[in-house]
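Model the full assembly from the supplied sequences, consistent with the hints where possible.
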Amino acid sequence: MNAYLPYVFCMILFCIGIYAILSKRNIIKIILGVVIAEYAVNLFFVLVAYKAGGRAAIFSETEVILPESMVDPLPHALVLTSIVIGLATTAFLIALAIRLYGKYGTFDITRMRELRG
Amino acid sequence: MTIESIVPLFVAIPLAGAFLITLLKRIKGIPDTLGVLASASAFALSIMFVLKMEMGQRVICNVGNWGGFQEVLGRIVGIQLVVDGFTVFMLVTVNLIAFLVAVYSMSYMTRYTEKWQFYSLFLLMLAGMNGVLITGDMFNLFVFVEIASLASYALVAFGTGKKELEASFKYAVMGGVASLLILMGVIFLYSNTGTLNMEDMTRILGSSENPVLIYLVFALFLAGFGLKAAIFPFHAWLPDAHPSAPAPISAMLSGVLIKALGVYTLVRVFYCVFGFPEKVSSIFMTLGALSMIIAVILALKQWDMKRLLAYHSISQIGYIILGFGIGSPLGILGGLLHLFNHSIFKSLLFLDAGSLEYATGTRNLKEMGGLSKRMPVTSWTTLAASMSIAGVPPFAGFWSKLIIILACIQMGLWFYAIIAVLASILTLASFMKVTRYAFLGEIRNKLRNILEVPAPMLIPMIILAIICIIGGVLLIPGVRQGFLGLAVEALSRARGV
Amino acid sequence: MSKEQEHGMTVIVKTVTRLTVGLIFLYGIYIILHGHLTPGGGFAGGVIIALSFINLDLAFGGSVSSKIFSKGSTGLVEALGAVMFLALALIGLQYGGFFVNFLHPDGEPGQLLSAGIIPLENIAISLKVGAGLFGIFLTLIVLQKFESEKK
Chain A
1 MNAYLPYVFC MILFCIGIYA ILSKRNIIKI ILGVVIAEYA VNLFFVLVAY KAGGRAAIFS
61 ETEVILPESM VDPLPHALVL TSIVIGLATT AFLIALAIRL YGKYGTFDIT RMRELRG
Chain B
1 MTIESIVPLF VAIPLAGAFL ITLLKRIKGI PDTLGVLASA SAFALSIMFV LKMEMGQRVI
61 CNVGNWGGFQ EVLGRIVGIQ LVVDGFTVFM LVTVNLIAFL VAVYSMSYMT RYTEKWQFYS
121 LFLLMLAGMN GVLITGDMFN LFVFVEIASL ASYALVAFGT GKKELEASFK YAVMGGVASL
181 LILMGVIFLY SNTGTLNMED MTRILGSSEN PVLIYLVFAL FLAGFGLKAA IFPFHAWLPD
241 AHPSAPAPIS AMLSGVLIKA LGVYTLVRVF YCVFGFPEKV SSIFMTLGAL SMIIAVILAL
301 KQWDMKRLLA YHSISQIGYI ILGFGIGSPL GILGGLLHLF NHSIFKSLLF LDAGSLEYAT
361 GTRNLKEMGG LSKRMPVTSW TTLAASMSIA GVPPFAGFWS KLIIILACIQ MGLWFYAIIA
421 VLASILTLAS FMKVTRYAFL GEIRNKLRNI LEVPAPMLIP MIILAIICII GGVLLIPGVR
481 QGFLGLAVEA LSRARGV
Chain C
1 MSKEQEHGMT VIVKTVTRLT VGLIFLYGIY IILHGHLTPG GGFAGGVIIA LSFINLDLAF
61 GGSVSSKIFS KGSTGLVEAL GAVMFLALAL IGLQYGGFFV NFLHPDGEPG QLLSAGIIPL
121 ENIAISLKVG AGLFGIFLTL IVLQKFESEK K
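Residue numbers (our numbering), protein chains in the order written: chain A, 1 to 117; chain B, 1 to 497; chain C, 1 to 151.
There may be inaccurate statements among the hints.
The calculated lysine to aspartate or glutamate pairs, modelled on EDC-like cross-linking and capped at a C-alpha distance of 20 Å, are [what the hints assert, rightly or not]:
| no. | chain 1 | residue 1 | chain 2 | residue 2 |
| --- | --- | --- | --- | --- |
| 1 | A | 24 | A | 108 |
| 2 | B | 170 | A | 108 |
| 3 | B | 433 | B | 357 |
| 4 | C | 14 | C | 57 |
| 5 | B | 373 | B | 357 |
| 6 | A | 51 | A | 68 |
| 7 | B | 162 | A | 108 |
| 8 | C | 71 | B | 114 |
| 9 | C | 71 | C | 57 |
| 10 | B | 301 | B | 367 |
| 11 | B | 162 | B | 304 |
| 12 | B | 163 | A | 108 |
Calculated directly from the structure, the hints in this document are not laboratory data.
A quick note: this is a predicted structure, and the numbers were derived from the prediction, not measured.
Here it is as structure tokens:
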């Protein structure tokens, strides 16, 4: 297997997300597009930190784990942060979608015509 | 208290203010007081910093005292907060506007319910912007960009009408995509350099050659931060989002948010981390010129006052980007001065639009007229700001535009100089329209009984108008060294000029 | 009792929830308190605690958990957590820097009471995350009710 293949799949996932944002009319589908793109980026970050046969970066009293065999823990911590940010964005977008549905009675973005340009 | 320990307070004070407001929301008057106090103290701290900074000085604060590991491991561990000349300049700009806007909101926001939510979100946005300015760490930059953006999405939707919700949705989706692009760029940089600290990154990138990846990162950052800054191909969300927010927030968004999240980050990343290569310089200049001219043409046909102002924001951001794109010390000086001036007069114009809306209940220029007699202060401050944005001497905007055009000519870029002059003339034309329709002419019958807005709204407008008029003072050699000079020096050194 | 049965899921789900919800809550607290020793910590523990409340809502339907923990109080607890976290960071300024571990900086591996301010910060984060997440859930639920009333 090509070592670059996971990265390529990640990029394809990201492109699917962007495609959904750009082409879908339903608000919920647009939000799903944002979420998919976001997961692709997070997955990509985790993949960057991947190391074949790597161990968690925790020292143990019962066995000897060399620092060289540990994975880089920083991306994992950062991915957690970016997932939380994503959660906040998604929650906000969904709340907006519910309010928009209350105002217009539809999720179709082409029927929301207050703003142009 | 050492100067290093002041640095985190720029984030901590607004953040504490925001959460204390949520805790104490039931007590009457607390949200206003805390909001004004927090932004005032942040402004006072930034002024203190300007007075204490020396030329070429960098104040570095290691969060959690992880700095000691630097000697052992040979690289920086943990988050660093770095304040240099450019940061101080931006801190003063952001906190000045934030303080004045907080004062203005005291009476403007009485029209809305849930004032505490407004002040809480406002302070969160301020904390995010200050964080973007002081951080020296790539991922931390992303986190603060997100804090400020999320608060601004919510503030755009604050009115919860149809327009506001729709604009906020558009803005939030665009902003979300921009953040993802930025994060992707940060990941590529991290995987290439193995560090998140900007200083380390500069060193590692300077010593190794990896052009393909770097160009990918350039593209990602240009698109991501460009979306936040609303420069030309990425500007579509701004004319919807900025007018939909309450007027003080429009002033914050147009005045400082797009600069702190967009222009500052672009300049910081491309100057200080990548050393500003020639290719990026020409991209900056092209995008700057395009946003300048296209946005001002679109602005000419607008009748909604706030929408017109929003288009002008894109155009003026074009000037700033052009100034930074030239990259000579004179161009940087022009870009910085125009950034400062634009945040002053654009905030003032949005506050004026808010006052007009507060008094007359409309934003449509066709429904106004003859207001100069009923609202003298608003009309005079609008005139000062309009003259300044159009670049009429001796107002502040004239000097910054002059410097940018001179910098163009100095580098032999006649084409860009001509576009800058042309955009300036069109700006003047479109502001003549505002003055003509809103303030001159016959007063309409239904507007005969309107009154000037209350004092807390007038005082910030008057202060901003005074800065608009005397803004050229910043160029006097003694003053320039202490404020603009610091920033120019920091950026020129980063570029190696 | 009859009204309660109209809402929510079947008796099986309700009984299982009744039995497990306390355990989930306790497990969340365990994760928070051992945040400096094992994987997990304030964030994960806070999410688990929020889930125990959400679980109640899902099983019994409607407003069971919002009687225990209303939307207003989630905002308060969230702000309290944030202020606590920030205060811990700012106290560090007295001891030489932002976020300095001023209580017990060295720590002993495997000891519960050893890591200085880290467990305290974990508790603050868990308050913020738990209340925040549950607050988001309640917000979306309330909006949904508002929609169905309108129809």
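To see whether the hints hold, each was checked on the structure:
1. A hinted pair counts as satisfied when its Cα atoms are at most 20 Å apart, and residue 24 of chain A with residue 108 of chain A qualifies at roughly 9 Å.
2. For the given pair, residue 170 of chain B sits about 14 Å from residue 108 of chain A by alpha-carbon distance, which is consistent with the 20 Å threshold.
3. Among the hinted pairs, residue 433 of chain B with residue 357 of chain B is consistent with the structure: their alpha-carbon atoms are about 17 Å apart, no more than 20 Å.
4. Pair hint residue 14 of chain C plus residue 57 of chain C holds up; C-alpha atoms about 10 Å apart against a cutoff of 20 Å.
5. Of the supplied pair hints, the one linking residue 373 of chain B and residue 357 of chain B holds, its CA atoms being roughly 16 Å apart against a limit of 20 Å.
6. Straight-line distance between C-alpha atoms of residue 51 of chain A and residue 68 of chain A comes to about 11 Å, which keeps the hinted pair within the 20 Å bound.
7. Using a Cα cut-off of 20 Å, the hinted pair residue 162 of chain B and residue 108 of chain A holds, with the two alpha carbons roughly 14 Å apart.
8. Restraint check for residue 71 of chain C and residue 114 of chain B: satisfied, since their Cα atoms lie roughly 15 Å apart, inside the 20 Å limit.
9. For a cut-off of 20 Å, the pair hint linking residue 71 of chain C to residue 57 of chain C stands: about 13 Å separates their Cα positions.
10. For the suggested pair residue 301 of chain B and residue 367 of chain B, the alpha carbons sit about 16 Å apart, so the restraint of at most 20 Å is met.
11. Annotation: proposed proximity of residue 162 of chain B to residue 304 of chain B holds, straight-line Cα distance about 17 Å (limit 20 Å).
12. For the given pair, residue 163 of chain B sits about 15 Å from residue 108 of chain A by alpha-carbon distance, which is consistent with the 20 Å threshold.
Hint violations for this structure: none, all hints satisfied.
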